[in-house]
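Taken in order, these protein sequences are the chains called Z and X. The letter at position 36 of the first sequence is residue 36 when you use the working numbering, and the numbering goes up by one with no holes. The letter at position 296 of the second sequence is residue 296 when you use the working numbering, and the numbering goes up by one with no holes.
Incorrect hints may appear among the rest.
Claimed, not checked - Partner residues aside, some chain Z positions facing chain X, computed with beta carbon under 8 Å:
(1) 61
(2) 65
(3) 270
Treat the hints as calculated values from the structure; they're not laboratory data. Treat the numbers as computed from the prediction; the structure is a model and nothing was measured. We put the CB at the ideal spot given by N, CA and C, even for glycine.
The chain contents come next:
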Amino acid sequence: MNNVRIMTGNEAAATGVKLSDAQVIATYPITPQSSLAEILSQYVESGKFKAEYVRVEGEHTAMSVCISASTVGARVFTATSSNGLLYMHEQLHWAAGARLPIVMCCVNRGVGAPWTIFNDQQDSFAQRDTGWIQIYCRDNQEILDTVIQAYRIAEEVYFPVMVCYDGFVLSHTMMPVEIPDSRGAKEFLPPYKPHTIVSADDPKYINPVLLPVRRPNSEGVLCDGYMEMRYKLQAAMEKSRDVIVATNSAFSDAFGRNHGGMLWEYMTDDAELIMTAMGSMATEATMAADMLRAEGLKVGVVGIRVFRPFPKQDVLEAFKKASVIVAFEKSISYGFEGGLASELKAAFYGTDINIPIHDYIAGLGGRDVKARELAEAAKSSIASIESGDINKKTTWLNCYTG
Amino acid sequence: MPENLFKVNMKEYILPGSRACQGCGLTLFYRYALKALRENTVITLPACCLCVLHGIYPKTAVDIPCLNNTFASTAASASGIVAGLNALNRTDTTVVAVAGDGSTYDMGIQALSGAAERGTDFIYVCYDNEGYMNTGTQRSSATPLGALTTTTPILTKQQPKKDFIKIMEAHNLPYMAAASPSYPIDLYDKFVKAKRIKGTRYMHIYVPCPPGWMYPARDTVRIGKLAVETGIAVLFEIEDGKFRFTGRSKTLAERGKRLPVINYVERQGRFKKMNLEQLKQFQTGVDNKWNEYLKMAEG
Ligand SMILES: Cc1ncc(C[n+]2csc(CCOP(=O)(O)OP(=O)(O)O)c2C)c(N)n1
Ligand code: SF4
C-alpha cells in the first residue's frame, strides 16, 4: 500500500530526517526554514523520533554542534536559509575540510541587504566553493527522497551534503508525497560508520595545525601536508559523482522513484532549444516547454540537480544535440553573470559543443516567475539569434532596468 | 578539603616535545588539570596557544583525545560532543572545552553563554593570559588597563579588563572556580571537584605568559603568586551560588594583607608605559573587586 500524504516541503524534509534516523539535530530558526525546525521539535518532544535536539543560539553554533557530534560518530542534521547560511560560512569549510558526512537542508532565500524573506538561490550559490555537495530539488517528493539519499552519499564519500530547495515555493507549498516505509529506508541507509572519531578510548589529535610540507610521523612515515589533504578533497569530490548516480539508481530500484542522479531531462531527444535551471524553476521550465511544443517549437529542459560536484560529463551528454541553451538562474556572480551559465561554458570549453548560451537572471527576492514568461524568454532568445545577436548578454527577467 | 597530596595522579599527559614557550603558565595549568581530569576525558579547543602546544601534524605531545574547532566555536563544539555522546549512550565521558581569554571574552562569548544557558554538561576552561598571544600579543578585552600590546603599542590599553567572571556568575552555574598554576594543589582539587559535578562548570585560570607580559621565563610562578598576593587574581569557587575564597586568597581574606599592585606591575615589561593615573585606577579597581568578594564570602 502506498502511503501518500499531502505535505509542505519542510514537512517532507523533516520526514526524510526522521526516516534517516538522524541522532543529533541542531537548528536555529530563520524564515523559511523555521517550520522544519518546528516540525522536528514536535517529533522529538512527542517521542515519535529519538534524537538529541540542541536548540542553539545561532547558526555558527548549529554547524559547530553538527561538526563535533559527527566527529564523535553520530549522524547529524541541521537546516537553515539565507543569512543563517552565510553566518555558518566558516563552519561550512570546516565541515568539508574535516570530511564529515553532515546533511543540511538549505531552504533557499535571498540574502540581505536589503532584507528579503523570499526565495532565490544566492545563499547556497555563495557557498559553492566550501567543499559541500549541493543537490537542488524540484518538488516535495524529491526533497524527502533526497534527504535520505544525501545521508547515504555523504557517509560513503565523507562529504557534507546540502539539500537545497526553494523557500515558500516548495517549503510552504502542499503537494502529495509518498512516504517510504521505515524498514525500507533503514535497508537503503546502513548505519553511519565514521572514519575517524574523537573518543575517550583512543587519544587522537583531530584537525591540528598542518605545515605546507609533508612531514614524518614518530615512526618515520611521511604524512600529508596541507596541500595533499586539499588534493584528496578535490579528488574525492570528483569521484563522488559516481556515488551520487549509483545512489539515485539504488533508490530508484528500492522505491520506484528516479530523480535523475546528476541531472534530469525533459523532452530533450529532439530539442533544438534546451532550457536549464536548478530547483523549482526547472519544473516551471517544463511547463514552458509544453507551451512552446504546442506552438511547434522543439524545446526541452535539463534540470541541474547536482551543482557540486559539477556534472561535467553529464552536461556534455545532455546538451550535445542542442543548438541553443537558455539558462534561468536565481543567483548571480556580481560583476559577471549567472553561475550556471558560466559553469556550462566552462564545461563545454575545448569540446565540439559550441552553441550560444543565453543567461536569464530571474526570480530574485521572490519575484514571481511564470511558465509563460520563461517561454517568452526562450522565444526572445530565438529571435535574437535570428537577428544576428548570437551571444545575447545576460537578461534580467521581469525586472525594470530602465 | 584539599585532595590528599599522595593521591595526586602521577601520570603525565603532556609529554616531551610540546610547542609552548619556555616558562609558559598555560602549560603548567594544563599539566595539573589533565592529571585531575584523568582518563575518559575529551578536550575540544579553538585556535590559540594550546592548539599549538598540542603539536603540529603528524605529531602530538599530549596524550589525551582532542578535537580542534574554530575560534568562535569552543563551547559549541563541546555542545556537539556532548550531544553526540548522549546519542551514542556514552554519558560517562567528561567533555572539557579549553580556550584562551581572546576566544572566551570576545568571539566565543556567544557560544559559551548559549551552552551555559542550555545547561550543557561540560567543563569550560578559560585560560587567561590577558591577550591574543598566539597571533603575537594583541589586545583582547581581558588585557588590563595600561598594558602594552602589539595593537596598543604606544598609548597602552585605555580600558580596564572586562569583568568576565561576573558575566559567568550571571549564568547561575552549579560550579565555577578561579585558580592559578602557581597554586597547583588548589587548582588540582578544583578540577577533581568540577569533574564530579553535572551541568556547565566554568573554570577561570590565570596564566602568566613570559613573552606576552615581558618578564623572564623563570619568573612565571612568582608572577602568578604576586597576582594572587595583590588580589589581581583571586582564588575562589562558587558552588550552587555560594562563594568562598580558597587557598592563599582565603588566608589573605581572613588575616593577611594584600600587597599593592605596584609589586606586580613593576616586574612586567608590558606595564612599562603605565602612568600614575592608570596605576591608581588599577589599584582602585582591584580594591573594589576585592571588597565585593569579601561581601560575597559573608553571604
Ligand atoms: C575567525 C578567526 N579570527 C581570527 C583568528 C586568528 N586567531 C587565532 S588565535 C587568535 C588569538 C587567540 O587568543 P586567545 O584566545 O587569548 O588565546 P592565546 O593565543 O592567548 O592562547 C586569533 C585572533 C582565527 N583563528 N579565527
Ligand atoms: S605565548 Fe604565552 S601562553 Fe602562548 S605558549 Fe608562549 S608562554 Fe604560553
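Which numbered hints are broken by the structure, listed smallest first? 3
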